[in-house]
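Enquirer: Residue numbers (my numbering), protein chains in the order written: chain A, 5 to 344; chain B, 5 to 344.
FYI, nobody ran anything at the bench for these hints, they're computed from the structure.
Honestly, I wouldn't trust all of these hints.
Said to hold, decoys possible - So these bits of chain B aren't anywhere near chain A, every CB distance computed over 12 Å: (1) R82; (2) L97; (3) P131; (4) T215; (5) L218; (6) T334.
As the list claims (entries may be wrong) - If the Cβ cut is set under 7 Å, some of the chain B residues that face chain A in the computed set are: (7) A59; (8) V89; (9) Q94; (10) V96; (11) E105; (12) R108; (13) F112; (14) H117.
By construction, the Cβ of each residue, glycine as well, lies at the ideal position given by its N, Cα and C atoms.
Number of protein chains: 2
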Amino acid sequence: MAHRSGVSKSTVSRVINAEPGVRAEVAERVRGVIDQLGYVPNSAARQLVTRRNNAIAVVASQPQNRLFIDPFFDSHLRGIRKELVHHGAQPVLLFLEEPEEYPRVGDFLGGGHVDGALLFSLRADDPLPGMIERLGLPTVFGGRPLVREGERVRERVYVDADNRGGAREAVRHLVALGRRHIATITGPYDQEASAVDRLDGYRDVLLDDATPDLIERADYTRKGGADAMAALLDRRPDLDAVFVASDLMASGALQVLRERGRRVPEDVAVVGFDDLAPIAETTDPPLTTVHQDIEGMGRLMARLLFSRTGEPGEGRAAAVAEHPLSSVVTPTRLVLRASA
Amino acid sequence: MAHRSGVSKSTVSRVINAEPGVRAEVAERVRGVIDQLGYVPNSAARQLVTRRNNAIAVVASQPQNRLFIDPFFDSHLRGIRKELVHHGAQPVLLFLEEPEEYPRVGDFLGGGHVDGALLFSLRADDPLPGMIERLGLPTVFGGRPLVREGERVRERVYVDADNRGGAREAVRHLVALGRRHIATITGPYDQEASAVDRLDGYRDVLLDDATPDLIERADYTRKGGADAMAALLDRRPDLDAVFVASDLMASGALQVLRERGRRVPEDVAVVGFDDLAPIAETTDPPLTTVHQDIEGMGRLMARLLFSRTGEPGEGRAAAVAEHPLSSVVTPTRLVLRASA
Chain A
5 MAHRSGVSKS TVSRVINAEP GVRAEVAERV RGVIDQLGYV PNSAARQLVT
55 RRNNAIAVVA SQPQNRLFID PFFDSHLRGI RKELVHHGAQ PVLLFLEEPE
105 EYPRVGDFLG GGHVDGALLF SLRADDPLPG MIERLGLPTV FGGRPLVREG
155 ERVRERVYVD ADNRGGAREA VRHLVALGRR HIATITGPYD QEASAVDRLD
205 GYRDVLLDDA TPDLIERADY TRKGGADAMA ALLDRRPDLD AVFVASDLMA
255 SGALQVLRER GRRVPEDVAV VGFDDLAPIA ETTDPPLTTV HQDIEGMGRL
305 MARLLFSRTG EPGEGRAAAV AEHPLSSVVT PTRLVLRASA
Chain B
5 MAHRSGVSKS TVSRVINAEP GVRAEVAERV RGVIDQLGYV PNSAARQLVT
55 RRNNAIAVVA SQPQNRLFID PFFDSHLRGI RKELVHHGAQ PVLLFLEEPE
105 EYPRVGDFLG GGHVDGALLF SLRADDPLPG MIERLGLPTV FGGRPLVREG
155 ERVRERVYVD ADNRGGAREA VRHLVALGRR HIATITGPYD QEASAVDRLD
205 GYRDVLLDDA TPDLIERADY TRKGGADAMA ALLDRRPDLD AVFVASDLMA
255 SGALQVLRER GRRVPEDVAV VGFDDLAPIA ETTDPPLTTV HQDIEGMGRL
305 MARLLFSRTG EPGEGRAAAV AEHPLSSVVT PTRLVLRASA
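The shape of chain A in the complex, shown without the other chains (with noise of 0.2 Å):
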């Protein structure tokens, strides 16, 4: 068109995006042009100016059905939602589940229609942030990602709660109320960084004292939770405490703890973490659990990309000069109920 209309590419595209500094007259003879070709300037084109979308991926490389019944990433997503639509931008979502869905992925992502990628990928053997990080794509982790021992790899910029300091303060809780034997149902440690972050905050507290044997790996599910609270139960029936990695966790724990006739808090404390009010409100008794604002973080995992990608509407190369890029990690704090 450029050709056609006997101006430059650049001016062309100054009257297809009404911007400023063209002569009315030669703004016109574009139109013509444009009229003429029955051209529509459409956001493709533009974007080969542009570069811009307006638009964030929201990728998510779990089950769906983990996803659509953690209340978690419920969460997550709210406050992603709303920061990036109070920003102007679009979010866009993207689930992985099964290995052949990684390439198409790939190729959206790369294919310039996203401005910036907001990523939860928890898993170690995850092979998707390598991949986004080959496309140059502005990323921001939600949870700290867990590396493999020897894999190196560019400085990720993630936004987390404080996981080990929370730990550390509900044991502490246990310890205080003077309980003796205090067990954990962990989670998938050799996979995500929050189980073992949880795990080690436990053991920054007991010590000498957290035993193998009252340290019982799950998985994040209720019915996990509900199994490690029965094997803890069969090898140390002396245990009076746990502190349990998860609300899901923690609800299948303690219907096990009914079904064997202990009472909690009085013969048996729980403490969960997440402090997601569906559960911790509703369980029998209320749960005592650490709280972390996961709203929030989905919010702040937003603002970082921005300072990264710039805002819908400012230059990408200024907005990087002016806010230096670092990992987040907010504050937790116990909520007491009627668990322990």
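Dock chain B against chain A, hints included.
Expert: Relative to chain A, chain B alone:
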């Protein structure tokens, strides 16, 4: 770039896309200019020529928490994803909740990033369907869209279950059990076609026996079902059966019946609708309900859309000509468990 290399635009695009029909010497010249300009053949440029992204939007204009909590959408999305991935297309999810999100979603959908849309828009007053129609994007609806009286719209293609037939079968079963005072708890029939159709099926069977005091409107939530059951029992303590228009509402109704000391099915027989396994199999007693193949409906939506957009890799015009497009209503069947 066509200008600089002295060849036609279509020749440049053939070179970029590595298509045949360009003399080696010409291709070399084009590649030289590409190198000189530092030009990267990104998908935005390719898309100007092919207009294909191999990406399909899944758009849901419902509160996020309803989407996430309701297993209905989880199953639908599972079917859609399987079918899209099988055909090499990337599903891209867009949620709309607040009015201020509409223009942005419109920008994205109109921006050439996706080849078509699968739309879950169930409220009669939702501006989204009209917006997408104006964009000219091929669209298939999940569930028959309810059109307001007097509204003139193009024919909207949808996939739905036989809601009216399923409701008829449910109510006929209650009649065959000898029940005399059969109530119904409906969905929001001013807003959603499925609620209209399930109420019509109830009326088809009961005719003049479907008196207004046996009909209570609710909202497809568990709490709504519980409140409606309480209202019906207050008004018609003689009722001996209830057809509840969703499993989630039925689970709330069962709880109220238990609290009021009514035995199910001895005193009150209950039939639900949906056959969502996580609900219907775990209620007390397990729920007799109308089964619909939700995941299969999701797959069908994707297949119908491909018949308009063409499958990834094939031309769009050819596809549209070969497959005339019409809506599909899938069969339902009654599944007998303990509640009726």
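Enquirer: Decide, hint by hint, whether the structure agrees.
Expert: Results for each hint:
1. At roughly 6 Å, the least C-beta separation between R82 of chain B and chain A is not larger than 12 Å, which violates its mark as non-interface.
2. With a least beta-carbon separation of about 4 Å from chain A, L97 of chain B fails to lie farther than 12 Å from that chain, contradicting its non-interface assignment.
3. Non-interface status of P131 of chain B relative to chain A is upheld: no Cβ of that chain comes within 12 Å, the nearest being about 17 Å off.
4. Distance to chain A confirms T215 of chain B as a non-interface residue, since its nearest Cβ pair spans about 38 Å, more than 12 Å.
5. For L218 of chain B, the requirement that its beta carbon stay farther than 12 Å from each beta carbon of chain A is met, with the minimum near 33 Å.
6. Distance check on T334 of chain B: its Cβ is at least 22 Å (rounded) from any Cβ of chain A, clearing the 12 Å threshold; non-interface status holds.
7. The restraint placing A59 of chain B at the interface with chain A holds, with a minimum CB-CB distance near 6 Å, inside the 7 Å limit.
8. For the restraint placing V89 of chain B at the interface with chain A, the shortest Cβ-Cβ distance is roughly 6 Å, inside the 7 Å limit, so the hint holds.
9. For Q94 of chain B, the interface hint holds, the least distance from its beta-carbon to any beta-carbon of chain A being 5 Å, beneath 7 Å.
10. Nearest Cβ of chain A to the Cβ of V96 of chain B: about 5 Å, under the 7 Å cut. The hint holds.
11. Here the hint on E105 of chain B is kept, as its CB sits about 6 Å from the closest CB of chain A, short of 7 Å.
12. Hint on R108 of chain B holds. Least Cβ distance to chain A is approximately 5 Å, under the 7 Å limit.
13. Evaluation of the F112 of chain B hint against chain A yields a held restraint, the C-beta minimum of about 5 Å falling below 7 Å.
14. For H117 of chain B, the interface hint holds, the least distance from its beta-carbon to any beta-carbon of chain A being 4 Å, beneath 7 Å.
The structure fails to meet hints 1, 2 from the earlier list, while all remaining hints are met.
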